[in-house]
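Student: Protein chains in written order, with this note's numbering: chain A, 4 to 491; chain B, -11 to 480.
Each hint should be verified, as a subset may be incorrect.
Claimed, not checked - Below are the BS3-like pairs computed for lysine-lysine, each with C-alpha atoms no more than 30 Å apart in a straight line:
1) B/K446 to B/K459
2) B/K205 to B/K75
3) B/K75 to A/K383
4) B/K79 to A/K383
5) B/K459 to B/K393
6) B/K344 to B/K393
Hints in this document: simulated from the structure, not taken from any laboratory.
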Amino acid sequence: MSCAGATAAEMAASLRAGQTTPRQLLDHARAQLSRLDGRLNAFLAHTDDLADRQCERAAGMLADDPAGAGPLCGIPIALKDVLCLAGYPTTAGSRILEDFRPPYTATAVQRLLDAGAVPVGKTNCDEFAMGSSTENSAFGAVGNPWDVERVPGGSSGGSAAAVASGMVPISYGTDTGGSIRQPAALTGVVGFKPTYGRVSRYGLIAFASSLDQIGPFAQTVEDAAVAYVAVAGHDPRDSTSVPDPVDDPVSALQLGVDGIRLGIPREYMGAGLEPGVRDRVSEAIAVLEGLGASIEEVSLPSTDLGLSTYYIIAPAECSSNLARYDGVRFGRRVERPSLTETLLRTRGEGFGPEVERRVMLGTYALSSGYYDAYYRRAQKVRTLIAREFDSVFERVDALVCPTSPKVAFTMGTIQDPLEMYLNDALTIPVNLAGLPGISLPCGLSRELPVGLQVIAPRLRDARVFQVARAYEQATQWHALRAPMVASA
Amino acid sequence: MTTQTVGLGVDSAYEAVIGLEVHAQLLTRSKMFCSCSAAYTNAPANGNCCPVCLGMPGVLPVMNRQAVEMTVRTALALDCEIPAFTKFDRKNYFYPDLPKGYQISQYDLPMSLRGHLDFTVNEERARCGITRVHLEEDTGTMHHAGDVLQEATSSLVDLNRSGVPLMEIVSEPDLRSADAAREYLVRLRQLLMYIGVNDGNLEQGSLRCDANVSVRKFGVSELGTKVEVKNMNSFRAVHRAIDFEIARQVAVLEQGGALLQETRGWVETRAATVSQRSKEMAHDYRYFPEPDLPPLQLGRELVERIRSELPELPEARAARLAEQYGLSTYDAALLTASREDADAYEELVDAGVSAKVAANWQMGDVAALANQHHRSLVDSGVGVVGLATLLRLLEDGTINGPTAKELLAELYEHGGDAALLVRERGLGQVSDRAALTVIVDEVIAANAQACEDFRGGKAQALGRLVGQVMKAAGGRAEPALVNSLLRERLSA
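In isolation and in its complexed conformation, chain B is listed as follows (with noise of 0.2 Å):
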């Protein structure tokens, strides 16, 4: 493998194992065990709750089916098990966010099992193992006056996110570099916003992760000391934490010390993970089987419907992309980065737009468009069906290149009909020859150098001329045709 990482060298003497642990709040309507909105943020604090995701006395979790069906596709496309029983466990602790004192989530019999994640790092193949695939729900929001709870002067919690549907995806320790990780989580994410289970938002923490880290001499087949690192919530930081995480350990071995087994969190501003909780002050979180959910038996009839309802994959998609349209293998990934852009890009294409003129534009003047107004193409103004009758115009002869990109930028913000404005604003592109051979002859006639220098073999001067006549024909005349036509007269 040819990752270099600052912890580690290809030449080091130490290799890296990294496990991942990615919680992912699982789009549903509703809460995982009452009926509140699992949109929470939009809600005033504490707006967003009821006696069930309180936490108050005598109230019992109804379990959201919509959230077992989620975890089940995300599993299947994982390639995981889903064993025909599973249960829910209480995992037992005291913290304010967590109002019943236990979070309802999955110990023992998991709802999935050893599935894995193929991805490309440093463009050689690679798969990480999938221990698991669980469903739990989510805990409450605090608010610190100050930075950490221990030296908060008060603390407020507010308990909308309380009982969000939340979805553990643990890895095999079968990652070797940050770079590595990074790329899992990005195919991870990238999936899991395919299948339309999670937004995939790492800032505001729909999408969390933290990795175990340790390290070991190459040949060893021991696992080192484990340090759980958390608190990253972009990629970089995922990159940088795991990255710092593993030069320090291989510098406390190095130096002869001994690695504690801790729990170390991520402090961006300082660049570097802090020791946040000790082995010997781990949680014993008591698990024991949830008394007030049965277990649940998901029938293999459910699993195969929900196995047959499963989209396309984002590698599956980007190899037939390939295939079916002459596409890069750069470009067929990039056009199936999300599956709205893929599905787009197809119905470009259904909708009579050439293969290549399609990529090149959803790659180039919509990406920016979309960079600039932050709005995807389907949000825009113009839409998948306007973008598809523009690129016809297009490509039919009707407009030529640089109206279509005029025209386009404007539709994107503004929406309207790409043939109506055509022909309201007279857009249409000028290819008759008469009259463009009266522009040509006029500019020749006033650019006399240009022409000079073209005869005399200097091919760029061409190109001035042709923005003459492009300017003298207001933008519209047929491209290929002018250029033609000043060949023709320059060299009569």
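Same shape as in the complex, but just chain A (with noise of 0.2 Å):
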């Protein structure tokens, strides 16, 4: 089989059938992955010997027991480099942790490594996930294999472009406020955030801990599924972590959408979209309407409010997260005479301009005299939003509408902080309320891919999947392939 752009399930089925083996689908990664990288720099770390261990323990569990070995069991997966690996770098794409090799493995991770997945690398992102183009990674920035002077979203770019250029069928990023769903919007691949405490925060380098959700990258919504059941369900490790039992987005996928009642939020299509992504999204809800669904304006005036609630929270939550890095411990430390230099200079030259910005907005929010002003306004916009959310979803089942208002833009060309925050305008209040999303290719608009959002109520992700599933099979979208992988 050509390995380059085949799914996860085509690689499983022929491990199954003996056409080929985990070794075979790791060389093909790895061709793929020396081929294209130079000039994608999707990876900051390659897990050689790792990928090595797991190709032969996915080969003997195939071997013992081929219907038992699961659907991720010997298949070549990315991980975002802010997914604690023991033994080798997490670098959350930051100077600070350059040299850091965490002695313990995230749980989302630790079930991967279980399963039997094989981990070709660490994926670049923007430094502390924070960004929305990967421009932000202290180790440079990543390029869209649909155009590679343009940015593959973020901050989980890596992740998205090793599955778009086709080096892995399956990758994982983290979505705080769209990271993984505007990344794979930009890229023509799916991207899914899980509902709040569905996965395992434990050995995630946090950036905003009441919004990071870790999430698979795929090229199907059946692979996403798949990936994403993997690493879901209740983890000790995480008082956040949801005890409820994962329901099945596998079997959904084949529900179809007739009778399901699809709201479009105004609000989400108003001002500030590019035409084509207003024109591929209306299309895309043609055709669901087709397909059966009811199709249902809805209001959530509070929308516009998001990204400032978003930039309170996060930026607060952050500046507390990171305060854990002054090179005592771990990490990188630049040594000056004294305790308090060292601090500064440490953090100083370790962090890049969006850290220091975000550490320092955050550091403001919550000082005394402006927390009732900022934080605890932002909370009480927050609680709002949600209850925005709730209302609708007495109405309707899911929510359809842009991942992005904008296809994948230029490097270099957004300046300003404030217009790149616009990027996640749509994706952040799905993160405020703590739904599961999900972004899918739609079309393209000036070549370039547009991603359609699917939102469905919290805990309810197999809805998010069979939505999804059921556009993406009357459609053609999903096969489209980056240029440069066609042409390999």
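With the hints as a guide, dock the two chains, each given alone in a separate frame, to form the complex.
Tutor: As structure tokens, then:
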């Protein structure tokens, strides 16, 4: 089989049919990686010996019990570099963690290793997952496989590019304000952010703890569902992890949308949308209607408050989460004669400008005298936004809207942080409310991918997959590959 | 109040207003948010840590249930209200002993509120309100090359203590003297030890006390400028530091000066408090809700279960013992100083020792031996059961007092079976009238002068004769019988 661009489901079938081996799949992934990553810079580290070991393990599992081995057994994957992997560099895209090798493995990653998945490496990202373009990585920007001069979105740009370029069929990222869905949209792949608490955050280097969530990138909705199931479920090491059993997104894939009530939030289709994005999403809605879904315009009036709310809460949490990076116990240290100077220089040189900006914003927002005006008010608006979703979900089963207002932009063209933040205007409310959301390809605008977002109520992750899969089955956009992959 | 302190005499125009903040390490098995041992003192430096209590990237806290229950137990013992909903907050500040850069603590919704502690100070009953009891985590420790961080040439950080469960008990500013503050602390410590949540070690810092001290003219209702006094690691230091601080503040005001809101540290060697940090330099802790821990809902069922498991508290127990066993208030308080002592006392009585004898021996010889050997009765060779056996042998006349005293000293140190030793060594009391009469007659014959003195009205001469008889009988003679035999023979 041709492996570049094959889905995990196809690979899993080939493995069981004896047409390929985990070793061959890994070799193909490595070949694609070495052919393309010079141009993309999607990977920060290769985990070669681990991949080799996992290959052996997967081969053993498949030989022992081909039916019992899970769908990710022997499948090459990539991990965003905020996910801890014991003994391997985990930098979070930051200078301050340049030399950091955690002595522990994230719960989600451990579940993947136990399932026989084969991690080929750690992917590039915005520093501490703060950004919408992956230009904030301390280790260089990532190219979009559709046009390497353009950004892949962010912060999980490396993981998105790794799947979009056909290096691996599945990768994992994290989504705090859109960091999975927006890069998925901009690189033409599927990206899923689970309900907050569905996937353990243990071993995920925190940006904003109340918003962060791990999720998969894939080429198809089915692969994304399988990849999600592999990491989902309660973890006693994460107190915010949801104890309820995971509803089955894989069986939901076949349900279709006949009779499903879909809401189109008016505020998500308003000004600021690129015409091509508006057109593709409207066409997608028509497709879903054609499949039997009822379409209803709904309103989420506080949507425009999402950005400002997010940019209080996320920086506030990050200012606290990043306090531990002092160079004393781990990571990079800049030695100076006094302790205070050492701390200041370590942090001054270790953090990039966007991280500094958010640490300062958050510190300010939490300061005595400002807390009520900023943090407390933001928490109230956050509750309001969540309630608006709740009330809309009394009338509709899921929401359909664009993922990103624009297609991938050229590197270096957005210098104003506020303009950059607008990229996440349509994804952030989902994080604030803790809901599941997916982005899947729905066509091109200016020859660049457009993402369709599907949002469901809390813990109704399966419904997101149900709607997304119905759309995907009715269209061929998911089969469209970046030109760089086709030219293999 | 008859309180006479260095700072304020009874005729002082000023009144001191004192509130205490007590931090108590909880006697849980593991740390607050990870499975490292909470008993951190025996491990080599940084040998009792894991990624969680080291604050490594990506790790998360998991609440220690036992710590929550111990805090509720404490709050209930202090008659606090337990709100149905409580949450944890981050207290943010940089310090090398704080690995995460924030302490997980409780800010506006603590685990408990509005309790009180009753005690007696200078023979008057007093009540101090408890503002709140909340739960947080301890920091690591610093070892400076030098006395203070600012002047240290280097500092070493030991994170073994990092994450040990720490309970903070904040009192209302209801205390009015150093005596009252000390007594409050004594009673609070006793209570914490009684309910098994803290080991009460002020010197080693498993129990720590800070004091908020202000003074104001009598009759004034507004509070004066508050000074926080830290670094007091004994009852004596608490008393002296508060006295010093009251006197210092009064002196400043009397000289027409103004007080600064500040933090001062007690320096034992200088017997003075020294300014550490002014209000302007105070940290802005930027408290906000801990997003890694969901709020805690303490169900009524849990609270009621913990309440039902509370032991009888020291004050109530002392009152009951006084009533039940006819003890003086003083004796009852002494016997209930610790739960272990009170339990031992009641075990002795339950084992058939008379209330009076048990009390006398426990407060007398046993207390002295415990002091001498640094071993409590329970941990001693004799144990409570052994002591009961010994005291029963005494009470049923098998052995006499001096023999019991000697045996106790031996058993306390080395252990053994009292009844067996008495048999083996023939220590049984000589109560044989005929045998003792022979000895008594010999002693009378040999001590003509003493006999003369006694007959002449010198009652104390009898004591010398009793001693001679006891000596001749190898210390085993029954004292009462010797006494009556001597009187009989001398008056014959």
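Student: Determine which of the earlier numbered hints do not hold for this structure and return their numbers in increasing order.
Tutor: 2
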